[in-house]
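This is what each chain is made of:
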Amino acid sequence: MSSKKRVFKQDRDIQVILGTVLRTGVIFSMIIVFIGGIIYLLNSRTEIVDYSVFNLDETRFSSVVSVLSGLVQLNGRAIVQSGILLLIFTPVLRVAFSIFGFLIERDYLYVLIGTFVLAVILFSLSHKLVG
Amino acid sequence: MFWREIVRLFHKEMVYLWGMSVLLFTLIVLSGAFLAGFVGSLTGLGGGVIIIPLLTLVLKVDIHYAIGASIISVIATSSGSAAAYVKEGITNVRIGMFLEIATTISAVVGAVVAVFIDPNYIAVIFGLVLLFSAITMIRKKKDRSDADTSDQLAVFFKLNGSYPEGAEFKSYAVHHVAGGFLMMFVAGIVSGMLGIGSGALKVLAMDHIMKIPFKVSTTTSNFMMGVTGAASAVVYFHRGQIDPGIAMPVALGVLVGSTVGSGILMRVKTDRLKLVFAVVVIFLAGQMIYNGFIGTL
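Chains as they are written, first to last, in our numbering: chain A, 2 to 132; chain B, 134 to 430.
Next comes chain A alone, as it looks inside the complex (with noise of 0.2 angstroms):
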């Protein structure tokens, strides 16, 4: 077998792993959605909707704490919304897989690449980067 060859497998099992890690993330993700979904349209189909204006103040379920006493509650609205933050964890979770997968193959120079990667997501995750 050619040292290219080898390369291009060893490269690929990670890439295989990778893209199950993405593929039942978004189908988990997509299903909680779903559930969420029918749910809200169970208990508010009939309300009129407004988005017209854009309104910071009414801002519920925007951080990870009030979506989960949402869950609680078993609120429609923040079933959905868990799912779009599991479907937002998936990429940062293959970032992750890919740094292990580098150190695996001895590549220290991309542990490197990806854990910067990683830190700038969770960089902006845990802090309020709002104006």
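FYI, nobody ran anything at the bench for these hints, they're computed from the structure. Nothing here was measured: the structure is a model prediction, and the numbers come from that model. Beta carbons: idealized from backbone N, C-alpha and C, even for Gly. Each hint should be verified, as a subset may be incorrect.
What the hints assert, rightly or not - A few chain B residues facing chain A, derived, Cβ under 7 angstroms:
hint	residue
1	V191
2	D195
3	H197
4	S283
5	P377
Stated by the list, open to error - With a cut-off of at most 20 angstroms between alpha-carbon atoms, the simulated SDA-like pairs for lysine to any residue come out as follows:
hint	chain 1	residue 1	chain 2	residue 2
6	B	K348	A	L87
7	B	K291	A	F117
8	B	K291	B	H309
9	B	K291	A	V112
10	B	K273	B	L408
11	B	K291	A	D108
12	B	K348	B	S295
13	B	K348	B	S304
14	B	K291	A	D14
15	B	K291	A	F101
16	B	K273	B	K407
17	B	K273	B	L168
18	B	K291	B	A306
19	B	K275	B	L408
20	B	K291	A	R107
21	B	K348	B	L175
22	B	K407	B	L168
23	B	K274	B	F347
24	B	K274	B	K344
25	B	K291	A	I105
26	B	K274	B	V409
27	B	K291	A	I100
28	B	K291	A	T116
29	B	K402	B	F416
30	B	K291	A	L113
31	B	K291	A	L104
32	B	K344	B	N293
33	B	K275	B	S304
34	B	K348	B	I415
35	B	K291	A	E106
36	B	K291	A	I114
37	B	K291	A	I15
38	B	K274	B	T392
39	B	K291	A	Y109
40	B	K273	B	T392
We have chain A; now place chain B onto it with these hints.
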């Protein structure tokens, strides 16, 4: 502003007349998002370019909510289809990870500054990006790749690679790493500010500047969109721009639509569709720019 008041009053009347209920709104957005995802995956333009004009121009949703919902659909489609591409082993994970340094930082920056910009300016910028995307879509793609490994940075960051073509492995080399990295930074800002994948700008960076073969660049840029989207989505989430009532039908519709679309992609000719779609996109771009200028968004 005078015009804005008129439109707002008009919209109030519409709500009164139609009585846009949660159910009706959800169904309209769901079908619109399905169509957006379907056509978006066939033409390679993505769902955001249709869903944002639909929400803002037709349903009078504030552009901040539209952007928040759209970025969620970008993450869903990117993560969903990346799984299929990586199995074929075309995606270059190193190029993706390396360029993600640029796109994640700039996506966060774009999302943070978006709130300080007048929604009408955002609409104009969105229109201009739409125009650029439409032109990129109908232009003939040219493979500029070669195997000349003279770029020092590409060697240092191990970006050069190979991909399977039939039974052979085709080697390619990456060029102008610094220039491509900068262009990706711009793409990330646009993506974070407008809530779209900004694939057209990524093509510019990867195909034109870095000379990556487009089989590799398309899949790798798609692979990156999820991480880039996640970086700006968390900013939107904290700011309350992701409303579950909008994000739910948008994400579900676009994901199902794009899955159906990519399922039949290999069996249909898309040249004609791309041309028709380009006209639609140019029209939408004009509408967004016009509405931005007269200040009705």
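Going down the list of hints, with the structure as the test:
1. About 12 angstroms separates the beta-carbon of V191/B from the nearest beta-carbon of chain A, more than 7 angstroms, and the hint is not met.
2. Here the hint on D195/B is kept, as its CB sits about 4 angstroms from the closest CB of chain A, short of 7 angstroms.
3. The criterion of a C-beta within 7 angstroms of any C-beta in chain A is met by H197/B, whose closest approach is roughly 4 angstroms, and the hint holds.
4. For S283/B, the interface hint is violated, the least distance from its beta-carbon to any beta-carbon of chain A being 19 angstroms, above 7 angstroms.
5. Annotation: interface hint on P377/B holds; nearest CB of chain A at approximately 4 angstroms, less than 7 angstroms.
6. Restraint check: the Cα-Cα separation between K348/B and L87/A comes to about 30 angstroms, which exceeds 20 angstroms; the hinted pair is violated.
7. Distance hint between K291/B and F117/A is fulfilled; the C-alpha atoms sit about 17 angstroms from each other, no more than 20 angstroms.
8. A C-alpha spacing of about 14 angstroms is found between K291/B and H309/B, which places the hinted pair at or below 20 angstroms, so the restraint holds.
9. At most 20 angstroms may separate the alpha-carbon atoms for a hinted pair to count; K291/B and V112/A meet this at roughly 13 angstroms.
10. Pair hint K273/B plus L408/B holds up; C-alpha atoms about 12 angstroms apart against a cutoff of 20 angstroms.
11. Between the alpha carbons of K291/B and D108/A the distance comes to roughly 10 angstroms, so the proposed pair stays at or under 20 angstroms and holds.
12. Between the alpha carbons of K348/B and S295/B the distance comes to roughly 11 angstroms, so the proposed pair stays at or under 20 angstroms and holds.
13. Distance restraint check for K348/B and S304/B: the Cα-Cα separation of roughly 12 angstroms lies within the 20 angstroms cut-off, and the hinted pair is therefore satisfied.
14. Distance check on the hinted pair: K291/B and D14/A sit about 18 angstroms apart at the alpha-carbon level, within 20 angstroms; holds.
15. Between K291/B and F101/A, the direct Cα distance comes to roughly 18 angstroms. Compliance with the 20 angstroms bound is thereby established for this hinted pair.
16. The hinted pair formed by K273/B and K407/B meets the criterion: a straight-line CA distance of about 11 angstroms does not exceed 20 angstroms.
17. Annotation: proposed proximity of K273/B to L168/B is violated, straight-line Cα distance about 25 angstroms (limit 20 angstroms).
18. Of the pairs offered as hints, the one joining K291/B and A306/B holds, with about 10 angstroms between alpha carbons and a cut-off of 20 angstroms not exceeded.
19. Annotation: proposed proximity of K275/B to L408/B holds, straight-line Cα distance about 18 angstroms (limit 20 angstroms).
20. Note on K291/B and R107/A: the hinted pairing holds, with a Cα-Cα distance of about 13 angstroms set against a maximum of 20 angstroms.
21. The hinted pair formed by K348/B and L175/B meets the criterion: a straight-line CA distance of about 16 angstroms does not exceed 20 angstroms.
22. The straight-line distance between the Cα atoms of K407/B and L168/B is roughly 14 angstroms, inside the 20 angstroms bound, and the hint therefore holds.
23. With a CA separation close to 8 angstroms, the supplied pair K274/B and F347/B stays within the 20 angstroms bound.
24. With a CA separation close to 12 angstroms, the supplied pair K274/B and K344/B stays within the 20 angstroms bound.
25. At roughly 16 angstroms between alpha-carbon atoms, K291/B and I105/A fall within 20 angstroms of each other, so this suggested pair holds.
26. Restraint check: the Cα-Cα separation between K274/B and V409/B comes to about 18 angstroms, which is no more than 20 angstroms; the hinted pair holds.
27. Taking the CA atoms of K291/B and I100/A, the gap is about 16 angstroms. The hint holds against a cut of 20 angstroms.
28. A distance of roughly 17 angstroms separates the Cα atoms of K291/B and T116/A; the hinted pair therefore holds under the 20 angstroms criterion.
29. Restraint check for K402/B and F416/B: not satisfied, since their Cα atoms lie roughly 23 angstroms apart, outside the 20 angstroms limit.
30. The suggested pairing of K291/B with L113/A holds, with an alpha-carbon distance near 14 angstroms, which does not exceed 20 angstroms.
31. A hinted pair counts as satisfied when its Cα atoms are at most 20 angstroms apart, and K291/B with L104/A qualifies at roughly 15 angstroms.
32. As the CA atoms of K344/B and N293/B are separated by approximately 11 angstroms, the hinted pair is consistent with the 20 angstroms bound.
33. A threshold of 20 angstroms between alpha carbons decides the hint, and for K275/B with S304/B the separation of about 17 angstroms falls inside it, so the pair holds.
34. For the proposed pair K348/B and I415/B, the alpha carbon gap of about 26 angstroms is over 20 angstroms, so the pair is violated.
35. Of the pairs offered as hints, the one joining K291/B and E106/A holds, with about 13 angstroms between alpha carbons and a cut-off of 20 angstroms not exceeded.
36. Our distance criterion of 20 angstroms between C-alpha atoms is met by K291/B and I114/A, whose separation comes to about 12 angstroms.
37. For the proposed pair K291/B and I15/A, the alpha carbon gap of about 17 angstroms is at most 20 angstroms, so the pair holds.
38. A C-alpha spacing of about 24 angstroms is found between K274/B and T392/B, which places the hinted pair above 20 angstroms, so the restraint is violated.
39. Distance restraint check for K291/B and Y109/A: the Cα-Cα separation of roughly 12 angstroms lies within the 20 angstroms cut-off, and the hinted pair is therefore satisfied.
40. Of the pairs offered as hints, the one joining K273/B and T392/B is violated, with about 25 angstroms between alpha carbons and a cut-off of 20 angstroms exceeded.
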